[in-house]
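S.K.: Here is what each chain is made of, one letter per residue.
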Amino acid sequence: MSDLPSSVLYLDGITVSFDGFKALNNLSLYIEPGEMRAIIGPNGAGKTTMMDVITGKTKPDSGEVFFDGAVDLAKLDEADIAQLGIGRKFQKPTVFENQTVADNLQLALSGVRGVLETFLWSASARDKTRIDELLEIIRLTHLRDRMANSLSHGQKQWLEIGMLLAQNPKVLLVDEPVAGMTDSETVETARLLREIAENHSVIVVEHDMSFVRDLDVKVTVLAEGSVLAEGSLDSVSADERVIESYLGR
Amino acid sequence: MITGMLLRSLDKGSYWFLGLLGLIALLVPALHLLLPPESALHVPGYAVALMGKYLCYGLLALSVDLVWGYCGILSLGHGAFFALGGYAMGMYLMRQIGDRGVYANPELPDFMVFLNWSELPWYWYGFDSFGFALAMVVLAPGILAFVFGWLAFRSRVTGVYLSIITQALTYALMLAFFRNEMGFGGNNGLTDFKDILGFSLQSDTTRTVLFSASAVAVGLGYVLCRLITRSRAGMVLAAIRDAESRTRFLGYRVEHYKLMVFVVSACLAGIAGALYVPQVGIINPGEFAPANSIEIVIAVAVGGRGTLIGAVLGAVLISYAKTWFTGELPEFWLFALGGLFVAVTLFLPKGIAGFLIARWQGFKDRKSAPGTATVANEGPAQ
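The listed protein sequences derive, respectively, from chains A and B. When the count follows full-length UniProt numbering, it moves up by one through the first sequence with no breaks and lands on 249 for the last residue. When the count follows full-length UniProt numbering, it moves up by one through the second sequence with no breaks and lands on 382 for the last residue.
No wet-lab data here; the hints were simulated from the structure. Glycine included, every Cβ here is placed at the ideal spot set by N, Cα and C. One or more hints might be untrue.
[What the hints assert, rightly or not] Not everything, but these chain B residues come out facing chain A in the computed CB check (under 8 Å):
1) R232
2) A233
3) A238
4) A243
5) R246
[To be verified] Here are the computed lysine to aspartate or glutamate pairs in the DMTMM-like style, where the Cα-Cα straight-line distance is at most 20 Å:
6) A:K59 with A:D72
7) B:K12 with B:D365
8) A:K218 with A:E32
9) A:K57 with B:E244
10) A:K57 with B:D242
11) A:K92 with B:E244
12) A:K170 with A:D80
13) A:K59 with A:E224
14) A:K92 with A:D183
15) B:K350 with A:E97
16) A:K75 with B:E255
17) B:K194 with B:E107
18) A:K57 with A:D80
19) B:K364 with A:D145
20) A:K59 with B:E255
21) A:K92 with A:E188
22) A:K57 with B:E255
23) A:K59 with A:D80
24) A:K57 with A:D77
25) A:K218 with A:D239
26) A:K92 with B:D242
27) A:K57 with A:D175
28) A:K218 with A:E35
29) A:K218 with A:D234
30) A:K59 with A:D77
Turn these sequences into a full structure, and let the hints steer you where they fit.
M.R.: Below is the structure:
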């Protein structure tokens, strides 16, 4: 447990099985405060299940998940965990299609969450400034009042990243942020994530190796539900077992 | 603060709608009471009651639109809340009969005398008071919705599964209310009402007051729905409708929002039922029939889901069509209803109101488009 106090996320010996299939098998992972980590691995390696465990969607069969050294995430549900400060971006961009870009950010903005509070709530000047800032960061200022369903795929991905930032989480989990993006959008996304990593811990799950290289961070390779290798992209890509698990299939 | 919230949540369409409701709330009684029966504009008594009934369906449709149109909860059992509100009012009206029943028993309603019951069951206590009955009109559906919703939403029952269990809920209640031992009049339900608050239900004035009260109830229900849907809580509801798990990962407790809107909606449905019963003069277990709940959902779809005004419009239109068909071509009513539903789904996916709103937007855009063109043309000239 020596890693516990300094880790913002601490997963130890996590096992999750679905009908006998072990999606995660004794997985351990530690994320330092302010760290950005890329997670790669072949399909079915357990990347999404790992995110489900951290965000409370799936309960582990065994093992421990701790946030910020002391909070046992296995005991909490999605809403609690989100309020603690763990934000999640889905693989498929998921924004609120029938609301404006600004309203999407407004909904994500940290603060009121209760039924009565939101019913009585009215927009404050501080919220407005914060939304302006966020729109600036994700470069969607000119689309502020557009319905989210009129955005392009890449713009939706950025809006969702903006919503994550609006939550002001301590940890961001980002699932395949550049899937389906054009090259220029991919470069833009890498810039956005690096900017975010300056004051947040970020976990990025990605297939796109050139994008991972662009991020230039420590890489964890998952295979069959556990960690296969960890280190810089160059060192893990030289690893025999990694090559086998990627090419063997 | 309340005025601010009201101003924020009502738009031009709202004022038109509320104005129209206010107008008919005054005009229909006036045309009924002040004009002599031989006048062409005279509204006969049966028509006042019939229109009052349509308005009650309008309020029920409003409650369905609140949960379905704004939070994606397709309830196929809202008739149950309507009927419960109706029964609560019916129980009060039964107690008002007093000793004027066929058996002239001052304590027991006729059907209890008929069943050889010697005393009033405990759950009938208090219903001789109008205030208590009114509280029950809201509480009975509200508590049922709370318990049902708490269990269903906490277990994350959604979509078609939720629709099916709401349907089962109303069906189960129908079977229960059919039983004589339940003490709600069994098959025959509650009827033979004499008066309400001491005023005869047969009198013209009472009828018009009930009609106007229904119009006011629709108006207030509409304002309440607007307050909810235009607030940030309404934004959360729409977010839940469109991407439930996203909303959860933003830290919103989805089940609380669903529960809140479901309970509010059930209370509105109960009020609609309570206004309905004195105007039609009877409440029986047939009101729990699943077909009633489905009919009102179709009415919302036809009028325009997620528009509130459209829901009221759809309910009034469908009820009117039903009155016409069941009078002229009774065997075709269900075919007409089904055909209408298919036609609306195919050709007006956003319902009548959605279609009209889109046309109006198009008209406004066309009107403003030449204006912008002129501005653009002036640019190079300068």
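S.K.: Does each hint hold? Answer for all of them.
M.R.: Structure-based check of all given hints:
1. Hint on R232 of chain B holds. Least Cβ distance to chain A is approximately 4 Å, under the 8 Å limit.
2. A cut of 8 Å between beta carbons decides the hint on A233 of chain B: the least distance to chain A is about 4 Å, and the hint holds.
3. With its C-beta approaching chain A no nearer than about 6 Å, A238 of chain B sits inside the 8 Å limit, and its interface hint holds.
4. A least Cβ separation of about 5 Å between A243 of chain B and chain A falls short of the 8 Å threshold, and the interface hint therefore holds.
5. Evaluation of the R246 of chain B hint against chain A yields a held restraint, the C-beta minimum of about 4 Å falling below 8 Å.
6. Note on K59 of chain A and D72 of chain A: the hinted pairing holds, with a Cα-Cα distance of about 12 Å set against a maximum of 20 Å.
7. For a cut-off of 20 Å, the pair hint linking K12 of chain B to D365 of chain B stands: about 17 Å separates their Cα positions.
8. With a CA separation close to 11 Å, the supplied pair K218 of chain A and E32 of chain A stays within the 20 Å bound.
9. For the hint pairing K57 of chain A with E244 of chain B, the CA-to-CA distance comes to about 13 Å; that is within 20 Å, so the pair holds.
10. Taking the CA atoms of K57 of chain A and D242 of chain B, the gap is about 19 Å. The hint holds against a cut of 20 Å.
11. As the CA atoms of K92 of chain A and E244 of chain B are separated by approximately 14 Å, the hinted pair is consistent with the 20 Å bound.
12. A threshold of 20 Å between alpha carbons decides the hint, and for K170 of chain A with D80 of chain A the separation of about 14 Å falls inside it, so the pair holds.
13. The suggested pairing of K59 of chain A with E224 of chain A holds, with an alpha-carbon distance near 18 Å, which does not exceed 20 Å.
14. Between K92 of chain A and D183 of chain A the CA atoms are separated by roughly 18 Å; this keeps the pair inside 20 Å, and the hint holds.
15. Proximity of K350 of chain B to E97 of chain A is assessed by CA-CA distance (about 16 Å); at most 20 Å being required, the pair is judged to hold.
16. Taken as a hint, the K75 of chain A and E255 of chain B pair is honoured in the structure, with Cα atoms around 18 Å apart against an allowance of 20 Å.
17. Among the hinted pairs, K194 of chain B with E107 of chain B is consistent with the structure: their alpha-carbon atoms are about 16 Å apart, no more than 20 Å.
18. Simply put, K57 of chain A and D80 of chain A have alpha-carbon atoms about 11 Å apart, close enough for the 20 Å limit, and the pair holds.
19. For the hint linking K364 of chain B to D145 of chain A, the alpha-carbon distance of about 19 Å falls within 20 Å, and the restraint holds.
20. For the given pair, K59 of chain A sits about 19 Å from E255 of chain B by alpha-carbon distance, which is consistent with the 20 Å threshold.
21. At roughly 18 Å between alpha-carbon atoms, K92 of chain A and E188 of chain A fall within 20 Å of each other, so this suggested pair holds.
22. Using a Cα cut-off of 20 Å, the hinted pair K57 of chain A and E255 of chain B holds, with the two alpha carbons roughly 15 Å apart.
23. The straight-line distance between the Cα atoms of K59 of chain A and D80 of chain A is roughly 14 Å, inside the 20 Å bound, and the hint therefore holds.
24. Note on K57 of chain A and D77 of chain A: the hinted pairing holds, with a Cα-Cα distance of about 7 Å set against a maximum of 20 Å.
25. Among the hinted pairs, K218 of chain A with D239 of chain A is consistent with the structure: their alpha-carbon atoms are about 15 Å apart, no more than 20 Å.
26. For the proposed pair K92 of chain A and D242 of chain B, the alpha carbon gap of about 14 Å is at most 20 Å, so the pair holds.
27. Between K57 of chain A and D175 of chain A the CA atoms are separated by roughly 15 Å; this keeps the pair inside 20 Å, and the hint holds.
28. In summary, the hint linking K218 of chain A to E35 of chain A is supported, as the alpha carbons are separated by about 9 Å, within the 20 Å threshold.
29. Between the alpha carbons of K218 of chain A and D234 of chain A the distance comes to roughly 10 Å, so the proposed pair stays at or under 20 Å and holds.
30. Taking the CA atoms of K59 of chain A and D77 of chain A, the gap is about 9 Å. The hint holds against a cut of 20 Å.
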